[in-house]
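With the hints as your guide, set chain D onto chain X.
Below are the chains, spelled out letter by letter.
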Amino acid sequence: MTLSIWLIVSVALFCIGLLAALSRRHAIFILIGIEMMLAAANINFIAFWRFAPQPAQPIGVMVAIFSIAIAAAEAAVGLAMVIAVYRHFHTTSVDQLDRLKG
Amino acid sequence: MNSVVFAIIAIFTLTFALAAATNPRLMHAALSFAVMFVGVAAFFFLLGAEFVGLVQIFVYVGAVAVLIVFTILLTRRDAEKDRGFNWGGVIVAIAVFAGLVWAILKTQSVSIGPPVIKALTVKQIGEALMTSYVWPLQCVGVLLTAALIGALILVLEDKRE
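Chains as they are written, first to last, in my numbering: chain X, 1 to 102; chain D, 1 to 161.
Do not rely on the hints blindly, as some may be mistaken.
What the hints assert, rightly or not - Not the full set, but computed from the structure, chain D residues with beta-carbon under 8 Å of chain X: (1) L14; (2) F33; (3) F44; (4) L67; (5) V96; (6) V101; (7) I112; (8) L144.
Rather than coming from a laboratory, the hints here were simulated on the basis of the structure.
Virtual Cβ for every residue (Gly too), placed ideally from N, Cα, C.
Looking at chain X on its own, in the form it has when it is part of the complex (with noise of 0.2 Å):
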């Protein structure tokens, strides 16, 4: 169990994200793989925190729940968003969102 077998789990959900955030259409879906990535960089800020020499203060831990918070905030916002888009486009779809193409 080293240090490198988490960073690779967390690069997988990473690039799930990624391949969530560019592929689908639908916006929920792009939010989705957003919060994806969040989750495996929190991983990520866990993992070097468990793996690294003790400091005095769990700096990993506070970086990991500042960042669910704001992670939190981001996920509000960001579907009333996309209720706010659907009642005046009628449609979720980033596709057809495309009134500001030159």
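Then chain D, alone, in the frame of chain X:
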């Protein structure tokens, strides 16, 4: 840390993550997303950060998953239509994965075992939050309030006249 437990949790988490990323049915994908976060929380438990694991379950499985399900239900009329799948994203994701794994395997300093540490108690986390991290904590409070008000304003019906 038990490698068998680790392998089981890793397969569980990555399977549900893939299901959430590729399932064309929105509601099933949202539920896979919630289950995936239980797996991520299990990773945190395995790493000795129990508090973060619990916060993860409360916030994601409890709140964010419900928010996503609500949003899917509110945009339902649109949700059932089949969407195209962009295969370019698959290629980019595989390329990023290969590059990062190559970088991790090339780096000597990350192939280390875990040191023996004292268990991290919630008391320690609380003391750290209330002493050296009190300023970021207040900022996160302001940010969450702003996000709450912003989300409310975004979804308010605009009153014409």
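Status of the hints after comparison with the structure:
no. : hint : result
1   : L14  : holds (6 Å)
2   : F33  : holds (5 Å)
3   : F44  : holds (6 Å)
4   : L67  : holds (5 Å)
5   : V96  : holds (6 Å)
6   : V101 : holds (6 Å)
7   : I112 : holds (6 Å)
8   : L144 : holds (5 Å)
Checked against the numbered hints given earlier, this structure breaks none of them.
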